[in-house]
Amino acid sequence: MKSLILSALLTLSAAPVLACETFTLGDLNIEHAWSRATIGADRPGVFYVEITNNGSTDDALIGIATPAAGMPMLHETVVTDGIASMPHAMSIPVPAGQTVELAPGGYHGMLMGLTTTLAEGDSFPVTLSFQNAGEVVVNVEVLSLRAEGPDCDDAN
Amino acid sequence: MRRRQLILGLGGASGALAFTLGLGWLQSRGRAQPPAALLPLPIGEMGFALTNHRGEPVRPADWIGRPTMAFFGFTWCPDVCPTTLSDISGWLDELGPDADRLNTVFITVDPERDTQQVLADYLANFDPRITGLTGPLAEVERAVAGFRARFEKVPRDGDYTMDHTAGVFLFRADGRFASIIDYHEDRRFSLPKIRRVLT
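Protein chains in written order, with this note's numbering: chain A, 1 to 156; chain B, 157 to 355.
Fair warning: there could be bad hints in the mix.
To be verified - Derived Cβ-Cβ restraints for the label pairs, each shown as a range: (1) A:127 <-> B:276: 48 to 54 Å; (2) B:268 <-> A:127: 29 to 35 Å; (3) B:280 <-> A:151: 21 to 27 Å; (4) B:294 <-> A:42: 23 to 29 Å; (5) A:125 <-> B:213: 43 to 49 Å; (6) B:292 <-> A:70: 31 to 37 Å; (7) A:81 <-> B:312: 38 to 44 Å.
Said to hold, decoys possible - Computed, partial: chain A to chain B, Cβ under 7 Å: (8) 44; (9) 84; (10) 105; (11) 108.
No lab work stands behind these hints, which were simulated from the structure alone. Keep in mind the model is a prediction, meaning the values are calculated, not measured. We put the CB at the ideal spot given by N, CA and C, even for glycine.
Using the sequences provided together with the hints, build the complete structure.
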């Protein structure tokens, strides 16, 4: 009963806390780290995040790692002549003074070889590796399969 | 003499190989890769026999009489398909009861993995008015050809992914093609396009 009330409260709360957390690494601000629930662990999961470079030097996201997936990688959804494809992104530029979004329909982390099903409400750590700034671990919140992004007060 | 036979033999073999390759290329071009400029056929002129995620047979003629919103995808993709399905669920929400008059169909381009049961499990997460279609690869290819859409299986890290037409196709109730909602199109234009086929 208690857990029922708890889960009802969690469902009702408008702003999921985790995905709205901000992480800092040098001049980089990293926020809105989220993923979508998966059906089983056979399908790849996804990882989205927003990175702001407040410094004066360009940087780049060069890799991701997580205990949640055996083979995480960076991809970009590209639509050419109406055809969607998903090439590897060797690195994602994070130019000085700009914000780069890994968001639905563009750059995203593709989590191949999930170690477990990602259920709504779960969270897992992802280590982001940057060319200059080094590494930082962020908490990723799993939203519903239908989610289009976290509902943070500061979003948009 | 023997040498000449050998050369002739080789020539014949490579000729046959080139012919086979050429034929294969023509076939795959003809089936799945029509020129991009062609418009989708009217639904009444399409021919395919697929099965929906509830196990019922579906033919294009079944759609005539109601406007149709259709798109291609596969459930193994983590980005485009959940995003499109979630967009469509949002549109159906906004249209409200009007959306009940639409055939809203998701056709998999990966029937190998997207069986009827897989589609049923996947679509349970989205608006129940979205119908998933799967079937033999040849029938999926016929459907794709009718829409003048394209798809391609791409090997990737010991697995594979599918490149595919990402737009959402809209047809009028009589089956005539109306418009496409492009993947990156501003969402403000999507609902008016759908409302136009509903009137």
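Hints, verified against the model:
1. A:127 <-> B:276: 48 to 54 Å: violated (36 Å)
2. B:268 <-> A:127: 29 to 35 Å: 34 Å Cβ-Cβ, so the 29 to 35 Å window holds.
3. B:280 <-> A:151: 21 to 27 Å: With Cβ atoms ~23 Å apart, the hint holds.
4. B:294 <-> A:42: 23 to 29 Å: At roughly 25 Å between Cβ atoms, residue 42 of chain A and residue 294 of chain B fall inside 23 to 29 Å, so the hint holds.
5. A:125 <-> B:213: 43 to 49 Å: 47 Å Cβ-Cβ, so the 43 to 49 Å window holds.
6. B:292 <-> A:70: 31 to 37 Å: Hint holds: Cβ distance 32 Å, inside 31 to 37 Å.
7. A:81 <-> B:312: 38 to 44 Å: Given about 21 Å between the Cβ atoms, the range is violated.
8. 44: Residue 44 of chain A check passes; min Cβ-Cβ to chain B is 5 Å, inside 7 Å.
9. 84: holds (4 Å)
10. 105: holds (6 Å)
11. 108: holds (5 Å)
Checked against the numbered hints given earlier, this structure breaks hints 1 and 7; the rest are met.
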